[in-house]
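> Protein chains in written order, with UniProt numbering: chain Z, 1 to 260; chain V, 1 to 326.
Everything labelled a hint here was simulated from the structure, so no lab data went into it.
Honestly, I wouldn't trust all of these hints.
Below are the EDC-like pairs computed for lysine to aspartate or glutamate, each with C-alpha atoms no more than 16 Å apart in a straight line [said to hold, decoys possible]:
1) Z:Lys223 with Z:Glu125
2) V:Lys305 with V:Glu292
3) V:Lys88 with V:Asp64
4) V:Lys70 with V:Asp129
5) V:Lys95 with V:Asp129
6) V:Lys166 with V:Glu151
7) V:Lys8 with Z:Glu125
8) V:Lys8 with Z:Glu41
9) V:Lys10 with Z:Glu41
For clarity, every value in this text was computed on a predicted model and none was experimentally measured.
Chain by chain, the residues:
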Amino acid sequence: MAKSTSIKTRSESFFTEIGDMALFSGRFFKEVFSQPFEFKELLRQSYNIGNRSLLLVGVTGFILGLVFTLQSRPTLMEFGAESWMPSMVGISIVREIGPVIIALICAGRIGSGIGAELGSMRVTEQIDAMEVSGNNPFKYLVVTRILATTLMLPLLIIMGDVIALFGSAIIENLKGHVSYMLYFNQVFDALSFSDIIPATVKSVFFGFAIGLVGCYKGYNCSKGTVGVGEASNSAVVYTSMLLFVIDFIAVFVTDIFFEI
Amino acid sequence: MGKSNSYKAKVGLFVVIGTVLLIAILYFVGMRQHIFSSNIQLYSIFENVNGLQTGNNVRYSGIDVGTVSKIEMIDERNIRIQLMVEDKISRFIKKDAITFIGSDGLVGSMVVNIVPGNEQNTTSVSSGDTIQSYSKVGTDDMLSTLSTTNENAALLTEDLLKITQKILQGKGTLGTLLSDTLLARDIRQSLIALKNATQSTSTLVTRVNAIIEQVNYNESTAAVLLSDTISASQMKAVFFNLEKSSKGINSVTQNLEEYLTEIKSGKGTFNHFTQDEALSKNIDSTMVNIKEAAEKLNANMEALKHNFLFRRYFKKQERQQKREAD
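The shape of chain V in the complex, shown without the other chains (with noise of 0.2 Å):
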């Protein structure tokens, strides 16, 4: 009898705890489900859930709030999750609150988060109310542009190929300049004339420098030029007059083409004098017979001097030309 009841105090000792064990790993797994807590129910439409299901859990700015209770379509695009939130928590949900399902870390579960809205508004949640939902770019849509962005990068890549085939097989610009050991030597000397170039142009504009900065601006001609906004005046005014008389001479250049033209083109006295040889011999004789005439003219001149009638004028001019010569 006594052993019986030993067995009894073993066996229900041994009951008790595992009995204990088991409700105590169900009430905390439970709580962790909020099952045991009093909530209130919320819904949120999505268009896509990303792998949603019920039982995943629910937060507000991070902290595990509640669980997915239900999913459901409510038409062809639409899918409105049902959120078992604590009740003690509905008090700092506001109505214009934001959900939006996140994933749990990256390999984690998914979560649907809510976030509060617009500070002002201060009335909260009450049970059966929709808070509205904002759908975050989903894996497949990421993998979608991944895949067109892999294509234009495999494109890119064969194009990035096509030219470095071409490059190295020196074609093109660029595949001459990196291959023609010629090409290369003339830029190289060109770079070093460049260079000394730049190291004249260099010295140059010290000197120019020095020199603008000796100019007397008061008194030497180019300072008068850059500085002298009379002078200024006064060379704008030259330069209109001789852009005037440019436009003359060019009027008169005009002209003078014109009639060297006509002289060319035979009219004209002076093409009469130039192109017509009889006139020119006539011309020459007539002047042989003036040279003959003035030397005889010139004897003349000379027998008048020494005529009677003619020597007291000749004398008398002689004596006037000896007066003013000293």
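In isolation and in its complexed conformation, chain Z is listed as follows (with noise of 0.2 Å):
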């Protein structure tokens, strides 16, 4: 009895917690119109969110095309098929990999930095101080945020990409002697415009679900300083699901408009 009545609440609570965000969300898009824009606080998140992730994606990237060509490297040598790396990894890393990679090392940074600040915030009462105040604290702390992940993660995980690839051709020149030109030209041979578009249209969404979970839940922080690390956590688990659920629901679209 008290097991089923433990599985309602919890289900209730989630449905209650996804019709908030969807509140959250619809708030967002109605605040995003409307003046005054905060254009300053906007290029601040961008620097915080874009700038400052480059590094740890640039790093992440490049390994990430260093480690992908060095495993595959022996299975495809195994069928005589080296020549056919470029293709494979410029096409793996420019539709999956590389935006999902780069999208929840961002969830783990960005994701958990906004539910730690907002929740502090919130904890700390300068959000109601705002509230009070006269300000827009949802303008200012919460639009900006999410309009900055959504802009920058697609320009991170194109460089995360570009930055994956040189590191995939480092190993392919220094392994296999091939050419950065042939490297290259065998990349752009075997993409296509229904492998880069999905996958950058897939990254504004990745960005808009980790900014908008991270400020969800910094927003609505509650119990203290113990709710701003449970925000901050809950944070990048919520965003790493939806991450996934948001590339299924990308590739079963794209599967229907490019039939890839």
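Two chains, each in its own frame: build the complex with the hints.
Rendered as structure tokens:
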């Protein structure tokens, strides 16, 4: 009996949270087009989210390209298909691995950061103070952050993809004696718009999801300082799950429109 | 204010780099797909496109010159494909060029290959032209043929298995040959005999060769027989006569046979002589009488010698014989 009540309570709270999040995102879309626009804050958040994440994304992307090529080489060599390496790595990184891995890293860095920052502001009643003073904390804190993640993440992913391809090209050049020009020629030969456009569109949704969940968890933080950690942690967990759900939907939709 | 401008510059740089990279990637990919270059449309009609898709490459003599832009059914059997080919390449493609659908390697995607046709035709293609196509054997057709081959191979294997089993069981000529030890021994002995015979034949041939080499073609009989054309014609005449004689002998033999048949059948005088016992006895008694008569005649003759009338004649005869003897 107690168990069924617990499940009922949990499912209720789960759906309540989804509903709250939907309302939260609805409010975002309402606020984003209404004046005044907080450009300065948007710029600051873009710098924090974009520029400050570039090193992490770059290092991760470079290692991703290196490792992916090193791991795939022996298998392709067994089939005598080493010449397919640039095509395979290019398509894999641009279409799927690059966006998902970089989005997960950003979920860890940016999502948790936003959750903790807004959570602490909520706990220290800074948000309440802004409301009392007549400012719109949602517009200033939430809209700018969600917009920044939505705009910056696709750029981070593109840069991460390019760095990963460079990493892969270095390994191919060292191990397979493939020139950089030949490598990138083969990569661009293999790629098509149906690989790049869906991946870019998908990364916009990834950025939106990271900003939305992080802001939601931080903005609705409670239970004092414990809640801040919880908000930060749950922001990463929820975002990671949501990223895979979005990825699945994106692949499904891409399959319908582009016939992968 | 200063800090805000610093943010602006850094974020601006970040956005510019990201956007440039995205545009560069799109541009290079677009270039590869001949989207940003000036193109002409060519058409080709196939009965089977073997999984060709829009976006697949078009190659002219192995160079990527365009992409497949459209694939559509135009009737129950035929599929028309639209090819976007670079305008700058189109002057090298003549109107009698041939298209066929191939594969980019063993596991690669499909490509449309354009190969030059007759070199004498110098008219280049223009936008909207239809190039004649050539349908190669598709994978399905190959698999179908392979399936039939497999079935035949299975039947052959089955038959071969039966034959092998029979051979192993010692059935049939081949089985007997393989399993019968006595036969094997006989064969071995036969082979040894054959070998000996061959050796003997070889020796004989050698000797014959030596004899032939020693033959004096001018003087010996064998040489005359072998080389003299006059003797050959004479021999031919002899053989002709011999044949004629043998025919005569044959007819005589036949007559004799008929005669003997007649004799055996009891006809004719000879048979009367041979078959009639009374006649035989008469002849015997006649012969006895003749003998006695001859003895008596001898006695009479002796008496005549001593007769004075004939004595002179006999002495004259003795003298003449003596003279002849000398």
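> Could you work out which earlier hints the structure fails to respect and list their numbers in ascending sequence?
2, 6 and 7
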